[in-house]
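When you get a sec, could you build the whole thing from the sequences and use the hints?
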Amino acid sequence: MVTHHPDMRLLTEFASGSLPLAQSAAISVHLHFCSHCKRQVNALQDMGAEMFDTLQPADVDDSLLDNVLAHLDDEAPLTYASSAAIDESPVLVQRLMTGDYKDLKWSRINKALQIARLRTGDPEHEFALYHIKAGGSIPCHSHKGTELTLVLEGSFSDEEGVYHQGDFLMRDAEDVHTPTASRTADCICIGVLDAPIRFKPWNYRLLNPFLQLQAS
Amino acid sequence: MSELPPEDDPDMQAQQNVQPNIKVNAEGKRDDEWSQCLQVIANKRDRAAFARLFKHFAPLVKAFAMSGSPLAASHADELVQEVMLKVWQKADGYNPRKAAASTWIYTIARNCRTDMYRRLQKFDTPLAAEDIWVEQEEEEPFVAVQQRRNAARVREMLTQLPQEQAQILAKVYMEGKSHSEVAEDLELPLGTVKSRVRLAMQKLQIMTDQR
Ligand SMILES: [Zn+2]
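Here the protein sequences come in this chain order: S and W. Numbered according to our numbering, the first sequence terminates at residue 216, and the numbering increases by one at each position without gaps. Numbered according to our numbering, the second sequence terminates at residue 211, and the numbering increases by one at each position without gaps.
Since the hints were made in silico from the structure, they are not lab data. Beta carbons are placed, not taken as given, at the ideal position from N, Cα and C, and that holds for glycine. There may be inaccurate statements among the hints.
Label pairs and their computed distance ranges (CB to CB) [unchecked claim]:
1) W:S180 with S:M97: 26 to 34 Å
2) S:T3 with W:S74: 38 to 46 Å
3) W:N43 with S:D59: 28 to 36 Å
4) W:A166 with S:E75: 37 to 45 Å
5) W:Q160 with S:K105: 47 to 55 Å
Quick partial rundown of chain S residues pointing at chain W, CB under 7 Å, derived from the structure [what the hints assert, rightly or not]:
6) S28
7) D46
8) M51
9) D53
10) L55
11) A58
12) V60
13) N67
14) A76
15) R95
Right, dumping it as structure tokens:
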């Protein structure tokens, strides 16, 4: 059962289309697990639709209709079935990965943590998978910008709580935390960063892939 | 009326109980003009029905395109064509139990506008808007009914929002701006923008227990 949700600002920007791509992707994965937020987003969309409905109509040249009518028989571009059964991994994640978790290019940070970046095309945010070994932790770190985290598999805890599959967290720059995977299972989560992350102990610096934020 | 009526405000309760002014037939399907029109387009591939729908919605899509970022606004006609063609192509995916025609068309317009904006900025991304805003699976009947009530209430209450809140919602939804962009625009602190959006959501009873 999902107990940690994105806040209203994130859901509103998600629904209205202004949230950056990588962050939107993380919200979208949360909605895969959370029917509560799915309903919220639907309601937020309904509101957008109401405003859309009451816009002052703009003049549309008749040629546009003719143009569209002329293209009605064009073959529609292929679409992908984008609804998956609830127990499968979210379609969006499958879309970003080629193959399975094991096929990703993981970089090893320490014996408990490895990271694989996925390309979303968002130039200002990094979207990565974190694999934390059972009982292992992500080194204590702080970051300059916002960090979004979503648990895909297993669970982890930090100074403030325990997070299970589908749980969503937003951490601001000033938050310093040490996420630790549960003792019984590995944890895989999505992390979206908008600024370089800094691990506190000096010896991580050399290994730290986030010192140089890779906008991919 | 104060800015933020408490949950047990009798006025609020009364408004909640107002019979929603929305047409839904016995099977829980919408049967307003445009929802019917969309179904005719889907079932009969009826071009005349499509032209009718176009005449109503294309001017709204264009207005939506023009209120967005200047980059997208300069391609407004292109967006209109793209959206309306999608409406034709995807009409059989429209489910009158789930959404009003205008909601369905709005989400297509939002998706296309977002995709177009990214395309114009030369984003190289494997994701399309449709991967992000996944179309919802069939909800339980109760949820669907609940949602229709919400939509009716939102329509009703949107007109009663104080101007300062309505203006911000318009910027968020129609102009497609983030909260911080809105704050910059209106020279307001970000916190003020956030709290006005929250107040508006509370009033529209969209926000439930979220922080
Ligand atoms: Zn949620």
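These are the hints, each one checked on the structure:
1. The beta-carbon spacing between S180 of chain W and M97 of chain S, approximately 31 Å, falls within the hinted interval of 26 to 34 Å.
2. The hinted range of 38 to 46 Å is satisfied by T3 of chain S and S74 of chain W, whose Cβ atoms lie roughly 45 Å apart.
3. Taken as a hint, the range 28 to 36 Å holds for the pair N43 of chain W and D59 of chain S, whose Cβ atoms sit roughly 31 Å apart.
4. A hinted range of 37 to 45 Å holds for the C-beta pair A166 of chain W and E75 of chain S, which are about 43 Å apart.
5. For Q160 of chain W and K105 of chain S, the Cβ-Cβ distance of about 54 Å falls inside the hinted range of 47 to 55 Å, so the restraint holds.
6. Satisfaction of the interface hint for S28 of chain S is found here, the shortest Cβ-Cβ separation to chain W being roughly 5 Å, below the 7 Å cut-off.
7. Taking 7 Å as the C-beta contact cut-off toward chain W, the hint placing D46 of chain S at the interface holds, the least distance being around 4 Å.
8. Look at M51 of chain S: its Cβ gets to within about 5 Å of chain W, closer than 7 Å, so that hint holds up.
9. Because the beta carbon of D53 of chain S sits about 5 Å from the nearest beta carbon in chain W, less than 7 Å, this interface hint is met.
10. Taking 7 Å as the C-beta cut-off, the interface hint given for L55 of chain S holds, the closest approach to chain W being about 4 Å.
11. The interface hint given for A58 of chain S holds, since its Cβ lies 4 Å from the closest Cβ of chain W, which is under the 7 Å cut-off.
12. Taken as an interface hint, V60 of chain S checks out: its beta carbon lies about 5 Å from the nearest beta carbon of chain W, inside 7 Å.
13. The interface hint given for N67 of chain S is met, as the beta carbon of that residue sits about 6 Å from the closest beta carbon of chain W, less than 7 Å.
14. About 4 Å separates the beta-carbon of A76 of chain S from the nearest beta-carbon of chain W, less than 7 Å, and the hint is met.
15. A distance limit of 7 Å between C-beta atoms decides the matter here; for R95 of chain S the minimum to chain W is near 6 Å, and the interface restraint holds.
Comparing the model with each earlier hint shows no violations; every hint is respected.
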